[in-house]
Amino acid sequence: MVRKVDNASFRDPDGFVFSYKNSVFRQINFSYRENYDLLIKSGLYKELRKANLLINHEEVNNFKIQDSKAYKILKPDHITFISYPYEWCFSELKDAALTTIKVQKLALVHGMTLKDASSYNIQFSRGKPVLIDTLSFEKYEEGKPWNAYKQFCQHFIAPLSLASFVDIRLINLLRFYLDGIPLDLTSKLLPISTYLSPSLLFHVHLHAKAQTQLARKKKQLKIGKKFSRNALLQLIESLENTISKLSLKNKKSTWIDYYSDDSYDKKAFKHKVQIVEKVLNDAKPKTVWDLGANTGVFSFLASRRRIETVAFDNDPFSVEESYLEVKKKNDAYVLPLVLDLTNPSPSSGFANSERMSFIERGPADMVLALALVHHLSIANNITFGILSKFLSKISKWLIIEFVPKTDKKIALMLSLRKDVFNNYNRENFEIEFSKYFTIENKIKIIDSVRTMYLMKRR
Amino acid sequence: MPQNILFNRILDIALVLTILYLIAVKNTYAYIDPGSGSYLLQIIAAGLLSSIFIIKKFWRSINKFFSSFLKKINGKKSR
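Chains as they are written, first to last, in my numbering: chain A, 1 to 458; chain B, 1 to 79.
Worth double-checking, as some hints may not be accurate.
As the list claims (entries may be wrong) - Pair by pair, the computed Cβ-Cβ distance ranges are: (1) Lys75/A to Gly35/B: 28 to 38 Å; (2) Val166/A to Ile5/B: 39 to 49 Å; (3) Pro191/A to Ala14/B: 23 to 33 Å; (4) Gly35/B to Ile65/A: 32 to 42 Å; (5) Lys72/B to Thr254/A: 19 to 29 Å; (6) Arg169/A to Lys72/B: 50 to 60 Å.
What the hints assert, rightly or not - Below 30 Å or equal to it, Euclidean Cα-Cα: the simulated DSS-like pairs (lysine-lysine) are: (7) Lys50/A to Lys72/B; (8) Lys139/A to Lys72/B; (9) Lys56/B to Lys50/A; (10) Lys139/A to Lys286/A; (11) Lys245/A to Lys56/B; (12) Lys57/B to Lys46/A; (13) Lys57/B to Lys102/A; (14) Lys56/B to Lys144/A; (15) Lys115/A to Lys56/B.
What the hints assert, rightly or not - Stretch by stretch, here's where chain B covers chain A in the computed footprint (C-beta under 8 Å, at least three residues): (16) 198-210; (17) 233-241.
Hints are computed from structural coordinates only; laboratory data are not their basis. Glycine included, every Cβ here is placed at the ideal spot set by N, Cα and C.
Let's have the full structure, built from the sequences with the hints guiding it.
Have a look at this one:
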């Protein structure tokens, strides 16, 4: 049995992440020995664990595979679903930023500092953002500026300020810029009014200009100039204040009030909930993906049953609402994420293999595709054939709601466009889906023209 | 408290003026050295950052002293 090194874990010579027999491990090399020992001995590890800021890990003794470079092998807690910053909603990204800052503050108290501040060092575990890179710490030596300052600004300040001052969709830039949004680009996109905010002026605009303008100044500066501990503490505090103050100005979208909308029949909704609850109780899936989850109504049915659930939706405001609800309830099972099913996260990074695509992170035990089919097949012309093939790649069990053309919502869609959907009917739906699934059960929803299907992948 | 707000305003103005000075002193070198810009920015702002930190700490301890002092006085008055 060979161990497989994680594709994104090549930049740090002090260690790397690998998987062995379906478990994830982190190797700490001898080059990191001093810093690792300091992390433990200084009490920093204990404090970070107490505050739930760092992922828990066990030291593994007598690991099967011998590596002469290995000082220690750690087995971190399992993360149910690996997610990436470009999939996070505004508040998830903001909370990830604040976690990074809290870690850095705590580290400084114990004589250590973070080597880097990449948003990929954070993952969501049990509903909260935690640092997963135990190798990020190094001994703090007073006098040096923060190495991770630029990275923090590009990974966190840039997308959050762009989402806040320009448009929430600019967070998508993170899909392309894997080391955070460049500061000069951010500076250009932010409105001129941000020059009046001293913190954004310093951390974005001036910081951007410093990249090109200050390059040669090194030699001209007095040798004695240093960056004191107080300066660093103030810098961190300023970053914390800047992040804390950023917020979404307008949180509304057409999808936020979906369920309180009059057109959604109450009896039909109740019946749908009953059906889903019964299936969850009977099938007991270990993982559930709720596609088109909106504000997470059905995802919370799964989390109530302690099922690890990911709630995907295309609308960033709906995902934001879901996440705020997760925080309010202290839910440890739901992870809300932004995802466009017609263009889900691709695999990216070097050799297209650093960051996993949406499909690669599946399949889920069970997928919920409620009130979704018509959005994909009518609004986006996705035929039943390719849709069922796609769904069979990401699910073992599928609960899918068929919405016929007689439904009010489709009537609305077709009122504005030509009906070219001759194959959109229940018979074809069942034929195409039967190619990849067996239809275990179908129930017509009370007071509705819609039908719920329970399907099992072949 | 009005003194706090006034103080913060003064800090803001001082920071903005310093920053405007720093921008004005720019040299236009085309060569991009990744990372050294952030490093140097921090070095240049070091003095200002540590001054702000020290002054804030000072104000916080003053405020703490005053609020505990006022509590004592109020405590005595209510008797």
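Consistency of the hints with the structure:
no., hint, result
1, Lys75/A to Gly35/B: 28 to 38 Å, "holds, 33 Å"
2, Val166/A to Ile5/B: 39 to 49 Å, "violated, 29 Å"
3, Pro191/A to Ala14/B: 23 to 33 Å, "holds, 24 Å"
4, Gly35/B to Ile65/A: 32 to 42 Å, "holds, 36 Å"
5, Lys72/B to Thr254/A: 19 to 29 Å, "violated, 58 Å"
6, Arg169/A to Lys72/B: 50 to 60 Å, "holds, 55 Å"
7, Lys50/A to Lys72/B, "violated, 36 Å"
8, Lys139/A to Lys72/B, "violated, 44 Å"
9, Lys56/B to Lys50/A, "holds, 29 Å"
10, Lys139/A to Lys286/A, "violated, 41 Å"
11, Lys245/A to Lys56/B, "holds, 19 Å"
12, Lys57/B to Lys46/A, "holds, 28 Å"
13, Lys57/B to Lys102/A, "holds, 19 Å"
14, Lys56/B to Lys144/A, "holds, 22 Å"
15, Lys115/A to Lys56/B, "holds, 27 Å"
16, 198-210, "holds (count 7)"
17, 233-241, "holds (count 5)"
The structure is inconsistent with the numbered hints 2, 5, 7, 8, 10, although it conforms to all the rest.
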